[in-house]
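**Q** Sequence:
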Amino acid sequence: MKRTSLTLLMLVFAGWLLWSVSARQAALFAVGIGLGAVLAGQRFGFTTGWRILVEDKNPAGVMGQLLLLALAALLAMPLLGYFPELTAALGPPSVSLLVGAFVFGLSMQIADGCGSGTLYKAGMGIPMNAAILPLFALGSFLGSWHLGWWLDLGRAPAVGLVGEWGWQAALAATLAALAATALAVAWYCRRASRARGQAAHPLVVRRWLVGALLLALLATLNLVIAGQPWGVVYGFGLWAAKLVQAGGVDFAHNWFWSQPGNAPRLQEAVLQDVTSITNIGILAGALWVSAARPAKARALNGQQWAVALTAGLLLGYSSRLAFGCNVGAMLSGISTGSLHGWIWVPLAFAGTMVGLRVRRHFGF
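Residue -2 is where the sequence shown starts when you use this note's numbering, and the numbers rise one by one after that.
Rather than coming from a laboratory, the hints here were simulated on the basis of the structure. Where hints are given, some of them may not hold.
[As the list claims (entries may be wrong)] Restraint ranges, calculated between C-beta atoms of paired labels, are given here: (1) Pro291 to Val51: 22 to 32 Å; (2) Leu5 to Ala183: 26 to 36 Å; (3) Glu52 to Gly12: 38 to 48 Å; (4) Ala289 to Val51: 39 to 49 Å; (5) Ser255 to Lys(-1): 39 to 49 Å; (6) Gln264 to Leu210: 34 to 44 Å; (7) Gly163 to Lys(-1): 26 to 36 Å; (8) Gly163 to Phe346: 25 to 35 Å; (9) Ala347 to Thr307: 41 to 51 Å; (10) Leu76 to Thr1: 34 to 44 Å; (11) Arg193 to Gly360: 15 to 25 Å; (12) Trp16 to Gln195: 50 to 60 Å.
Here a beta-carbon is modelled for each residue, glycine too, at the ideal position from N, C-alpha and C.
Based on the sequences and whatever the hints tell you, model everything.
**A** Put into structure tokens, the structure is as follows:
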């Protein structure tokens, strides 16, 4: 489909949202289109950034992500401080967080995409990610169904640094931690390159730099318009929950779906959910980019398909246990001052180290 036709369809849908749903949902759809276009256009992959750091000692992707976190925190934390009606992406430190983050980091390397990566690559028409998307949704729902049991294994109260310290101290601490991480990554990559007898990779690459700037701005718009940080996983789980509910399953006694913030979502139309409408926008934005720059997809054998689809199911399940993916837990968590985001990252990175071994074993 040509870009002109896609643009017209997106404008018509946005107008219908404005007329039939709300101005907020129409605006969030536009934000989602921007997110999808940036992710696909700049190939800003969280999974890829981690992979090239480990395998190629190339810091550019992770440096871009650290810049994104810093810019998003610079924009989000003062807003949270001055406007208490805005919410942070908080998650409780828990057994479920530890297990979920590790399994997610492992699975995303096999599936070649985190939550946002799966979404924008599916929008670009990459067959593996398009096939993984419904399994991701199913896994997210199953994780939400079991979350109460996982939390009973042990949890502590969620900690929001903005609420505990004030936005100025929370921002200073966050920027200092991100700067320390950037220095450590730069040192590691230079040392590894010298040991290999190779020239060091550049720390900053334009596409990662541009992607970080645009994503930070769009994530902040999402926070202001939706009243909550950018997320991906919740929408997936809701889509599957709606289908299960339509099959006659009673959600009244489920721990997750009986929560005051979740129960109303089951009664509302999907297009009224802020995460769902942004996800739909990401799919549309990525499709718009692919109309001019079609994505290349490698062929997979039967074994690789089975492994990838299993990883997709685990992606969904583990992301719900971990209270988010690279977007909901890492980007939105850290940039809005949630302690759980800082716990998520090292566990997910440890999982990535294992996932890369599995990926190589099956020849992805």
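**Q** All the hints need checking, so say for each whether the structure fits it.
**A** Verification of the hints:
no. : hint                          : result
1   : Pro291 to Val51: 22 to 32 Å   : 29 Å, holds
2   : Leu5 to Ala183: 26 to 36 Å    : 46 Å, violated
3   : Glu52 to Gly12: 38 to 48 Å    : 46 Å, holds
4   : Ala289 to Val51: 39 to 49 Å   : 32 Å, violated
5   : Ser255 to Lys(-1): 39 to 49 Å : 46 Å, holds
6   : Gln264 to Leu210: 34 to 44 Å  : 39 Å, holds
7   : Gly163 to Lys(-1): 26 to 36 Å : 51 Å, violated
8   : Gly163 to Phe346: 25 to 35 Å  : 29 Å, holds
9   : Ala347 to Thr307: 41 to 51 Å  : 20 Å, violated
10  : Leu76 to Thr1: 34 to 44 Å     : 37 Å, holds
11  : Arg193 to Gly360: 15 to 25 Å  : 24 Å, holds
12  : Trp16 to Gln195: 50 to 60 Å   : 58 Å, holds
Going down the numbered hints, you'll see the structure goes against 2, 4, 7, 9, while the others check out.
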